[in-house]
Every structure is written in structure tokens, then in C-alpha cells.
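2 protein chains.
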Amino acid sequence: MKKHQVTIIDIARALNLSKSTVSRVLTGHANVSLKTREAVLELAKKLDYQKNMLAISLISKKTNTIGIIVPEFSSSYFPQVIIAAQEVATQAGYNTVVSQSNETYETEVANTKVMLANQVDGIIVSITRETKNYDHLKIFERKGIPIVFFNRVCDEMKVPKVIVDDFEGAYNAVDYLIKNGRKRIAHLAGPVSLRISERRLDGYKSALKKNNIEIDEELIISYDLGLSKVKIYVNHLLNLENPPDAIFAVNDPTAIEAIQVIKKRGLKIPEDIAIIGFSNDYASALMAPSLTTVAQPIAEIGMTAAQLLIDQINRDVSDWKAVTKVLKTELIIREST
Amino acid sequence: MKKHQVTIIDIARALNLSKSTVSRVLTGHANVSLKTREAVLELAKKLDYQKNMLAISLISKKTNTIGIIVPEFSSSYFPQVIIAAQEVATQAGYNTVVSQSNETYETEVANTKVMLANQVDGIIVSITRETKNYDHLKIFERKGIPIVFFNRVCDEMKVPKVIVDDFEGAYNAVDYLIKNGRKRIAHLAGPVSLRISERRLDGYKSALKKNNIEIDEELIISYDLGLSKVKIYVNHLLNLENPPDAIFAVNDPTAIEAIQVIKKRGLKIPEDIAIIGFSNDYASALMAPSLTTVAQPIAEIGMTAAQLLIDQINRDVSDWKAVTKVLKTELIIREST
DNA sequence: CCAAATATTGGGACCGTTCCCAAAATAATA
DNA sequence: TATTATTTTGGGAACGGTCCCAATATTTGG
Chain A
1 MKKHQVTIID IARALNLSKS TVSRVLTGHA NVSLKTREAV LELAKKLDYQ KNMLAISLIS
61 KKTNTIGIIV PEFSSSYFPQ VIIAAQEVAT QAGYNTVVSQ SNETYETEVA NTKVMLANQV
121 DGIIVSITRE TKNYDHLKIF ERKGIPIVFF NRVCDEMKVP KVIVDDFEGA YNAVDYLIKN
181 GRKRIAHLAG PVSLRISERR LDGYKSALKK NNIEIDEELI ISYDLGLSKV KIYVNHLLNL
241 ENPPDAIFAV NDPTAIEAIQ VIKKRGLKIP EDIAIIGFSN DYASALMAPS LTTVAQPIAE
301 IGMTAAQLLI DQINRDVSDW KAVTKVLKTE LIIREST
Chain B
1 MKKHQVTIID IARALNLSKS TVSRVLTGHA NVSLKTREAV LELAKKLDYQ KNMLAISLIS
61 KKTNTIGIIV PEFSSSYFPQ VIIAAQEVAT QAGYNTVVSQ SNETYETEVA NTKVMLANQV
121 DGIIVSITRE TKNYDHLKIF ERKGIPIVFF NRVCDEMKVP KVIVDDFEGA YNAVDYLIKN
181 GRKRIAHLAG PVSLRISERR LDGYKSALKK NNIEIDEELI ISYDLGLSKV KIYVNHLLNL
241 ENPPDAIFAV NDPTAIEAIQ VIKKRGLKIP EDIAIIGFSN DYASALMAPS LTTVAQPIAE
301 IGMTAAQLLI DQINRDVSDW KAVTKVLKTE LIIREST
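Protein chains in written order, with our numbering: chain A, 1 to 337; chain B, 1 to 337.
Be careful, since some hints might not be right.
[Unchecked claim] Computed footprint of chain B on chain A, listed as stretches where at least three residues anywhere in the stretch have a Cβ under 8 Å from a Cβ of chain B:
1. 81–87
2. 93–103
3. 196–203
4. 240–252
5. 276–290
[Stated by the list, open to error] Pairs of lysine to aspartate or glutamate, EDC-like flavour, derived with a Cα cap of 16 Å:
6. Lys-3(A) - Asp-10(B)
7. Lys-183(A) - Glu-156(A)
8. Lys-46(B) - Asp-216(A)
9. Lys-61(A) - Asp-316(A)
10. Lys-263(B) - Glu-335(A)
11. Lys-205(B) - Glu-168(B)
12. Lys-3(A) - Asp-319(B)
13. Lys-263(A) - Glu-335(B)
14. Lys-3(B) - Asp-10(A)
15. Lys-132(A) - Asp-165(A)
16. Lys-3(B) - Glu-335(A)
17. Lys-113(A) - Asp-48(B)
18. Lys-46(A) - Asp-135(B)
19. Lys-138(A) - Asp-48(B)
20. Lys-138(B) - Asp-165(B)
21. Lys-210(A) - Glu-156(A)
22. Lys-3(A) - Glu-156(B)
23. Lys-132(A) - Asp-175(A)
24. Lys-268(A) - Glu-335(A)
25. Lys-45(B) - Asp-135(A)
26. Lys-143(A) - Glu-217(B)
27. Lys-143(B) - Glu-156(A)
28. Lys-158(B) - Asp-175(B)
29. Lys-183(B) - Glu-141(B)
30. Lys-45(A) - Asp-135(B)
31. Lys-183(A) - Asp-216(A)
32. Lys-132(A) - Asp-155(A)
33. Lys-113(B) - Asp-175(A)
34. Lys-205(B) - Asp-224(B)
35. Lys-325(A) - Asp-165(A)
36. Lys-143(B) - Asp-48(A)
37. Lys-143(A) - Asp-48(B)
38. Lys-138(B) - Asp-316(A)
39. Lys-205(A) - Asp-216(A)
40. Lys-3(B) - Glu-198(A)
Simulated from the structure, these hints should not be mistaken for laboratory data. Here a beta-carbon is modelled for each residue, glycine too, at the ideal position from N, C-alpha and C.
Make the full structure from the sequences, and use the hints.
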């Protein structure tokens with residue numbers, strides 16, 4: 001089926017040498033006479049010799065590969081984090097294997113199995129909105145393979161994590177809305193299973209309380225982040241006898257979707273209703289009205305996660321550290337408020 | 001450094017069996033007594049046994065992994081193609097390794113080496129805007145590892161390719177502009193090194209000719225797709241004594257950037273100047289004005305590329321096929337025209 | 001109850017490297 | 001020149017599986 005791949009044995013045979021000698025030349029290791037060195041190098045080049053990392057990794061028990069598992073790929077958030085993480089990883093000599101769990105628990109489990117089977121040296125994970133059982137991730141800990149969470153983390157596990165101050169970000173966003181005269185602020189929240197939803201909800205509530213605005217549970221809608229449902233929720237909010245004059249959305253895609261719905265109803269943004277998103281996705285600056293949003297330091301998140309993982313990989317299991325880096329958000333004010 | 005990973009030998013020793021027997025159970029292969037089968041399965045589960053694909057791949061000379069190399073990750077085009085390709089690959093039992101070449105030739109070469117070293121079963125590639133030498137890709141052919149191009153292809157190589165009818169897409173876009181009364185249509189073109197730039201340029205020129213509009217080279221600007229330069233070019237065009245009344249951009253990011261510049265100058269879109277992009281990126285529907293664009297069947301491109309690759313992998317080198325699939329584009333008319 | 005048939009298990013080669021240790025070749029020294 | 005020191009090379013184990021073939025254990029049938 002496949003052509004024969006060139007191995008050091010082929011080179012050794014052709015030059016009447018032992019594979020040990022060829023190996024030595026190719027790894028630039030010990031003393032080899034100039035003559036044989038040159039001969040080996042020349043033939044290797046001529047034959048397009050490429051070392052087989054499978055064999056090397058099998059022996060060294062190290063693949064120099066890190067896995068990244070993210071829930072999705074369609075908003076700009078995760079791709080950007082991945083770009084940043086890859087940069088750090090590449091710099092440190094690591095390859096990356098990326099897979100998306102598609103927001104489903106089963107796929108996430110399957111992906112972790114694949115990563116394990118392929119002997120990654122560590123993984124960076126942001127869990128799905130469904131993930132409640134963490135056994136598939138705890139296996140990594142047990143096997144001594146470092147794991148780092150970002151964004152959507154697993155509280156049960158004592159491992160490095162990179163998050164942003166969701167509470168503060170949400171608080172600032174809602175506080176800003178109130179300072180601008182908004183009285184009835186709705187919150188399109190994420191699923192309760194995710195800590196980030198919870199923290200953003202807390203920030204929202206806290207800002208209301210500080211400003212002596214009563215929390216109206218009617219204005220808080222938690223949903224599973226399936227964008228198609230946003231339309232229903234927004235329409236529901238707008239049809240209330242006492243509709244909101246602002247919406248704080250748990251993320252940008254939700255906010256963007258909400259804006260489409262509101263525009264279609266002929267309401268004016270921000271005059272009739274203001275909108276704030278979370279994360280500063282690529283599209284949020286371009287759309288009309290451009291979206292006010294709580295920006296995350298996306299590149300920093302990716303780079304920090306990768307760095308933490310690599311640090312962990314280079315440490316002995318016995319001195320694993322479990323730092324949690326909390327990065328700052330920044331409210332970016334645009335036309336939607 | 002790392003903990004000992006559980007192997008079939010550990011299981012064999014613990015149960016006083018040979019590794020052959022354990023292997024048989026774990027692969028579900030031949031006849032094994034129910035008693036031993038259950039004992040092995042139970043212990044394997046208890047110890048979190050995970051087979052080491054490195055060892056298996058080394059012997060079978062197959063990793064069930066395909067590589068995908070794309071120039072960038074920041075527009076929505078490539079991520080979407082990748083999602084679609086991954087779907088087909090996963091379905092067929094293949095893992096995917098994705099890497100971005102960052103639009104630089106050196107990185108592309110480095111990435112191909114990594115893929116080779118890791119013994120991928122095949123690769124899907126869209127080359128950088130810089131790539132003029134294809135030796136690093138031809139190695140795959142020589143080694144009998146299938147390669148499939150999409151979007152930005154290498155003409156020199158007789159391998160499967162997936163492209164869209166760029167000529168027709170461009171032709172239709174420009175023809176539409178003319179039918180709507182535009183007389184001076186500028187073209188922000190891509191680098192001449194890429195065939196897609198060339199074909200889109202040809203379509204642009206052909207539409208002008210068909211409609212008896214003289215081609216004004218002053219209105220054609222080829223650039224390297226570095227978005228920061230768009231501002232300079234657009235301003236240059238608008239400052240001409242006889243400025244264009246429409247711009248056909250080689251891709252959506254370029255068009256989106258152009259729109260920002262034009263809006264900043266206080267011109268009205270589409271009244272003063274119309275804009276058309278190419279690819280129907282995620283943001284193009286959301287922005288204001290929403291962008292008229294030549295849509296590519298992105299998911300189909302990814303799926304087709306993956307399917308062609310897998311077909312090729314399953315064929316003997318001697319009957320490799322080199323089909324070129326040309327998919328249709330569709331002009332999506334929005335507010336910018 | 002014993003031979004033959006069948007079910008179950010074990011042994012060992014193999015994949016492509018690296019690395020340690022010993023062997024051979026060469027150079028240095030007395 | 002013989003002997004030792006130093007280069008240079010070769011041999012073989014190891015990594016963790018799969019798979020073929022032989023060996024053993026268990027059934028089965030006459």
C-alpha cells in the first residue's frame with residue numbers, strides 16, 4: 001500500500017555501517033570520523049530521510065506534543081486563544097494537537113482518550129457546557145500527565161487554571177449601564193453548570209445591589225448557549241409588561257444574536273435598549289451598532305495557559321503547582337450602549 | 001519525571017498471563033476463555049489502561065492521523081473549512097493535526113517536516129501567499145503520502161485539489177456591479193503568486209470587457225493581503241481625480257477593512273461607493289453595512305478535501321487519482337451594493 | 001479410557017530509534 | 001616495536017504493542 005519509508009538501517013546498509021553509527025551522526029551525538037559523517041549526511045539528504053518520531057517517542061516516553069481541547073471553533077474566542085497558545089508551545093519545541101468537543105460531553109471524553117492514546121505530554125482544556133463528570137480528566141492527573149484549564153475550568157481538580165475576573169467584568173459592565181441611567185437590566189446568562197456563568201451572574205447581581213436596584217428574577221434567563229434560542233428569550237423579555245432597557249449578555253455571540261432580534265423588531269439601540277456582551281469577539285467591533293463588551297486578554301490567556309502547562313511538564317509530578325491565574329478584563333465601550 | 005504508564009505487560013504479570021493473551025483480550029481478537037477475558041478487562045479498567053498508539057502505529061505504519069496546514073486562523077474561512085474536514089475525518093476514524101503556517105514559507109516548511117516526522121497518513125494543505133518553491137510538499141508525493149490542496153493550490157503538482165470557480169465568482173460580482181450602474185470599479189487584488197488572485201482578477205477583467213468597459217490599470221491594486229495596508233490603498237483610490245464608484249475586494253477581510261476606511265472618510269456605502277468581498281466570512285453578514293460577497297461553499301470544501309484525501313489514502317500509490325473539484329460560488333447581495 | 005480435535009495460552013519476531021557497553025581500529029607513548 | 005590511550009564503530013537491549021506459530025490444556029468421540 002504505502003511506499004517503504006527510509007530508515008537509518010537503509011542508510012547503514014548502503015554505506016556498510018551499523019545503525020548505531022548512522023544514529024550518532026543524525027543526532028550529532030558522539031565522535032564519528034569526518035568521512036563517515038559526511039557520507040551519512042549526504043545520503044540522508046539524498047534519500048529525504050526523515051526521522052520517525054513514533055520510534056523516538058516510544059523510547060523516550062515523550063512526544064513533545066501538547067493537546068488542546070476546546071468546546072467550539074466558531075466564535076473567534078477559542079481560535080485566538082489557540083493561536084496564542086501554539087505560539088508559546090512552538091517556541092518551546094512542542095507541537096500541538098487541537099480538537100473540538102463540539103460542546104458535547106461524549107466527544108470531549110472521546111477526545112481525551114485519543115490524546116491519552118497518542119501520549120501527549122500534557123493538555124490544555126476548556127470544558128463543554130455539559131461536562132459535569134470529570135473522570136476522563138482526572139485520569140490525566142493519575143497518570144502524571146499535566147493538565148491546565150482555561151476559561152471554563154473544573155473546580156474539583158487542583159491543577160493550574162487561567163481565568164479572567166468574570167465577576168469584576170460583569171460588575172463593571174452592569175455598573176456602567178446603571179451609571180448611564182438604565183433601570184431595568186436583563187441578563188442572558190449561561191448554563192448554571194459553568195462557573196463562568198455563575199461568576200458573571202454574581203457580578204451582575206452585585207452591581208444591582210450596590211446601586212440599590214432590586215433583583216428581578218424575571219429578567220434573568222439562564223440558557224444553554226444554543227444561539228437559536230436567543231430569539232425566543234429576547235422576544236419574551238421585550239414582551240414583558242415592564243420590559244428591560246438594557247441587556248447584559250453572557251458572551252458576544254449571544255449579544256450579537258440579541259441585537260439582530262432587537263433590530264428586526266424596529267427598536268433602536270442604544271436609545272430603546274442597550275446591549276453589552278462579553279469577550280470582545282472579532283465581529284463585535286465591525287457590526288452595527290458596534291458592540292460594547294467586556295474584553296478578555298485573549299492572547300494572554302492562551303500564552304499563560306501554554307506556559308503553565310510547559311512549566312508543569314518540566315516539573316516532577318511531586319512538585320506540581322496548582323496556581324490559578326486571574327487576568328483582568330476591560331470594558332470596551334462602543335455604540336450599543 | 002513521569003509516572004510509569006500501565007502496559008499490557010503490567011496486566012499480564014499481575015494476572016500471571018502472557019502479554020499475547022492480554023493483547024488478544026484487549027483487541028477482542030481470538031478465543032480467550034471467559035474467565036481470563038473478564039479478569040483482564042476488569043484489571044485494565046481498574047488501572048486506567050490506555051493503549052499506546054505509538055507502539056501500534058510504529059508496527060502498522062499507519063497513524064490514522066491526517067495533517068491540515070493552513071496559512072492563518074484569524075478570518076473565519078479556514079477554521080470553518082477545518083471544522084468540516086475534521087468531521088469527515090473523525091467519521092472515517094482519523095485524527096487531525098492542524099497547524100498554521102502564519103503566511104510564511106519557512107513555517108510552512110517546518111510544519112510539513114513535523115507532519116512527516118510524526119508519520120501522518122496524509123495532509124491537506126492551503127499554501128501561504130509566499131510559497132513559490134514546492135519541494136517540501138513534493139517530498140510527500142515521493143514518499144507515497146497523499147496530499148490534497150484546497151483554496152490555494154500548487155499547480156505544479158498532480159494531486160487532488162478542491163477549489164471554487166474563482167473566475168466565475170469574480171465575473172458575477174463585477175457584472176452585478178455594472179448592471180447596477182457602476183462605471184469605475186476598482187479591484188483590490190491578492191498577490192500574483194496565488195492562482196486564486198489571478199483567477200479572480202481574470203474574472204474581474206473579463207466582466208469589464210464583456211460590458212465594454214475599458215480596463216484601467218490604475219484601479220487594480222495587487223497586494224500581499226497584509227490588512228494594515230488596505231487603508232493606504234483605499235485612500236489612494238479615493239484620492240484619484242477620477243475615483244472609483246465600486247470596489248471588488250479579493251476577500252472579505254480586505255472588503256471589511258476597506259469599509260472601515262470609507263466610513264471614516266464620511267462616504268456613504270453603497271450610495272457613494274459599493275463594495276463586494278469574497279468568501280462570506282462570519283462577520284460579513286453582521287457588520288453595517290452588511291457586506292455583499294461571493295460566498296464559497298465552505299463546509300463542502302472542507303468535507304470534499306477530507307474525503308478526497310481519505311480516498312487517496314485507501315488507494316495504492318499506483319492508482320492515485322488527481323481530480324480537481326471545482327465548486328460553485330454564489331453571489332450574496334447585501335447592503336454594501 | 002485414550003486418541004484426536006479443539007480451545008486456550010505462551011514465545012518470540014518485528015517496527016525504528018537511542019543508548020550503553022564492548023570490540024576494533026587508530027594514534028600516542030615509552 | 002610493543003604497549004597503552006584514544007577514536008571510531010558495532011552489537012544488542014529496550015520501548016509497547018500485534019500477530020503468527022507452536023505448545024499446552026481441555027473436550028469430545030469412538
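Okay, which hints does this one fail, numbers in order?
3, 4, 6, 7, 8, 14, 15, 16, 20, 21, 22, 23, 26, 27, 28, 29, 33, 34, 38 and 40
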